[in-house]
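Q: The task is simple: from the sequences and hints, build the whole structure.
For the sequence shown, this note's numbering assigns the number 1 to the initial residue and increments by one for each residue that follows.
Quick caveat, the hints were computed from the structure, so don't treat them as lab data. All of these numbers come straight from a predicted model, not from anything done at the bench. Take the hints with a grain of salt, since some may be wrong.
Claimed, not checked - Below 30 Å or equal to it, Euclidean Cα-Cα: the simulated DSS-like pairs (lysine-lysine) are:
#: 1; residue 1: Lys109; residue 2: Lys87
#: 2; residue 1: Lys66; residue 2: Lys53
#: 3; residue 1: Lys83; residue 2: Lys155
#: 4; residue 1: Lys13; residue 2: Lys32
#: 5; residue 1: Lys13; residue 2: Lys55
#: 6; residue 1: Lys87; residue 2: Lys32
#: 7; residue 1: Lys32; residue 2: Lys105
#: 8; residue 1: Lys114; residue 2: Lys83
#: 9; residue 1: Lys87; residue 2: Lys66
#: 10; residue 1: Lys114; residue 2: Lys87
#: 11; residue 1: Lys55; residue 2: Lys83
#: 12; residue 1: Lys105; residue 2: Lys87
#: 13; residue 1: Lys56; residue 2: Lys83
#: 14; residue 1: Lys155; residue 2: Lys106
#: 15; residue 1: Lys106; residue 2: Lys174
#: 16; residue 1: Lys87; residue 2: Lys13
#: 17; residue 1: Lys32; residue 2: Lys106
#: 18; residue 1: Lys56; residue 2: Lys66
#: 19; residue 1: Lys87; residue 2: Lys55
#: 20; residue 1: Lys55; residue 2: Lys155
#: 21; residue 1: Lys13; residue 2: Lys56
#: 22; residue 1: Lys155; residue 2: Lys66
#: 23; residue 1: Lys13; residue 2: Lys53
#: 24; residue 1: Lys32; residue 2: Lys4
#: 25; residue 1: Lys84; residue 2: Lys109
#: 26; residue 1: Lys105; residue 2: Lys174
#: 27; residue 1: Lys4; residue 2: Lys53
#: 28; residue 1: Lys55; residue 2: Lys32
#: 29; residue 1: Lys13; residue 2: Lys155
#: 30; residue 1: Lys84; residue 2: Lys32
#: 31; residue 1: Lys13; residue 2: Lys83
#: 32; residue 1: Lys84; residue 2: Lys13
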Amino acid sequence: MYYKTHYNSPVGKIWLVSDETNLVGAWLQGQKYFFGTLTQELMLSKEVPVLIKAKKWLDQYFNFQKPSISELSVAPIGSEFRKKVWKILCEIPYGEVCTYGQIAKKIAKQTDQKSMSAQAVGGAVSHNPISIIIPCHRVIGTNGSLTGYASGIDKKIRLLEMENIDISQFFVPKRK
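A: What follows is the structure in structure tokens.
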């Protein structure tokens, strides 16, 4: 059984989900893959300690206090490859960005491969089930494009601006 509650943030309603011990999800209302990794019934609850702790973490984040992900017990559900990508996302410091290509190079090195597809990394990033806390919004295209945020580019821009990242050096890709 999973337990859920919501958090009203400056970028919209965030649904927090726990297995009672760990935070397994944090989805912005309406984002792609909403509740996508869940396989069990969801029960509404405001009393689960990890959910209370996650709300406090988000309070700190949205008040510019730079909380550390290590303050929370997170257990995102996904393949081993996706978990490797999400672990790297957790290492991107507040107020900084990295590219899909940089993450691909790290994965290739970790797995003893010559190379890794940045597109494969992009797929894993887009399926991140713990938005904001696992900071997938800090990943940009190698060419500086603000691409690939499952909750929408407008929210990605807002989160980056909240972290005082100068987004003038980046661009929003034109739709095909």
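Q: Determine for every hint whether it applies to the structure shown.
A: Evaluation of the provided hints:
The hinted pair formed by Lys109 and Lys87 meets the criterion: a straight-line CA distance of about 14 Å does not exceed 30 Å. Our distance criterion of 30 Å between C-alpha atoms is met by Lys66 and Lys53, whose separation comes to about 15 Å. With a C-alpha separation of about 23 Å, the suggested pair Lys83 and Lys155 falls inside the 30 Å cut-off, and the hint holds. Among the hinted pairs, Lys13 with Lys32 is consistent with the structure: their alpha-carbon atoms are about 14 Å apart, no more than 30 Å.
Pair hint Lys13 plus Lys55 holds up; C-alpha atoms about 12 Å apart against a cutoff of 30 Å. For the hint pairing Lys87 with Lys32, the CA-to-CA distance comes to about 21 Å; that is within 30 Å, so the pair holds. Simply put, Lys32 and Lys105 have alpha-carbon atoms about 26 Å apart, close enough for the 30 Å limit, and the pair holds. Distance check on the hinted pair: Lys114 and Lys83 sit about 20 Å apart at the alpha-carbon level, within 30 Å; holds.
Restraint check for Lys87 and Lys66: the C-alpha separation of about 18 Å stays at or below 30 Å, so the hint holds. Taken as a hint, the Lys114 and Lys87 pair is honoured in the structure, with Cα atoms around 20 Å apart against an allowance of 30 Å. As the CA atoms of Lys55 and Lys83 are separated by approximately 23 Å, the hinted pair is consistent with the 30 Å bound. Of the pairs offered as hints, the one joining Lys105 and Lys87 holds, with about 14 Å between alpha carbons and a cut-off of 30 Å not exceeded.
The suggested pairing of Lys56 with Lys83 holds, with an alpha-carbon distance near 24 Å, which does not exceed 30 Å. Note on Lys155 and Lys106: the hinted pairing holds, with a Cα-Cα distance of about 27 Å set against a maximum of 30 Å. At roughly 28 Å between alpha-carbon atoms, Lys106 and Lys174 fall within 30 Å of each other, so this suggested pair holds. Between Lys87 and Lys13 the CA atoms are separated by roughly 25 Å; this keeps the pair inside 30 Å, and the hint holds.
Among the hinted pairs, Lys32 with Lys106 is consistent with the structure: their alpha-carbon atoms are about 26 Å apart, no more than 30 Å. With a C-alpha separation of about 12 Å, the suggested pair Lys56 and Lys66 falls inside the 30 Å cut-off, and the hint holds. This hinted pair checks out: Lys87 and Lys55 have alpha carbons roughly 21 Å apart, not beyond 30 Å. For the suggested pair Lys55 and Lys155, the alpha carbons sit about 19 Å apart, so the restraint of at most 30 Å is met.
The hinted pair formed by Lys13 and Lys56 meets the criterion: a straight-line CA distance of about 15 Å does not exceed 30 Å. Of the supplied pair hints, the one linking Lys155 and Lys66 holds, its CA atoms being roughly 18 Å apart against a limit of 30 Å. Among the hinted pairs, Lys13 with Lys53 is consistent with the structure: their alpha-carbon atoms are about 17 Å apart, no more than 30 Å. Straight-line distance between C-alpha atoms of Lys32 and Lys4 comes to about 18 Å, which keeps the hinted pair within the 30 Å bound.
Between Lys84 and Lys109 the alpha-carbon distance is near 12 Å, which keeps this suggested pair within the 30 Å criterion. At most 30 Å may separate the alpha-carbon atoms for a hinted pair to count; Lys105 and Lys174 meet this at roughly 26 Å. With a C-alpha separation of about 13 Å, the suggested pair Lys4 and Lys53 falls inside the 30 Å cut-off, and the hint holds. A threshold of 30 Å between alpha carbons decides the hint, and for Lys55 with Lys32 the separation of about 22 Å falls inside it, so the pair holds.
Distance restraint check for Lys13 and Lys155: the Cα-Cα separation of roughly 12 Å lies within the 30 Å cut-off, and the hinted pair is therefore satisfied. At most 30 Å may separate the alpha-carbon atoms for a hinted pair to count; Lys84 and Lys32 meet this at roughly 21 Å. Taken as a hint, the Lys13 and Lys83 pair is honoured in the structure, with Cα atoms around 25 Å apart against an allowance of 30 Å. For the given pair, Lys84 sits about 27 Å from Lys13 by alpha-carbon distance, which is consistent with the 30 Å threshold.
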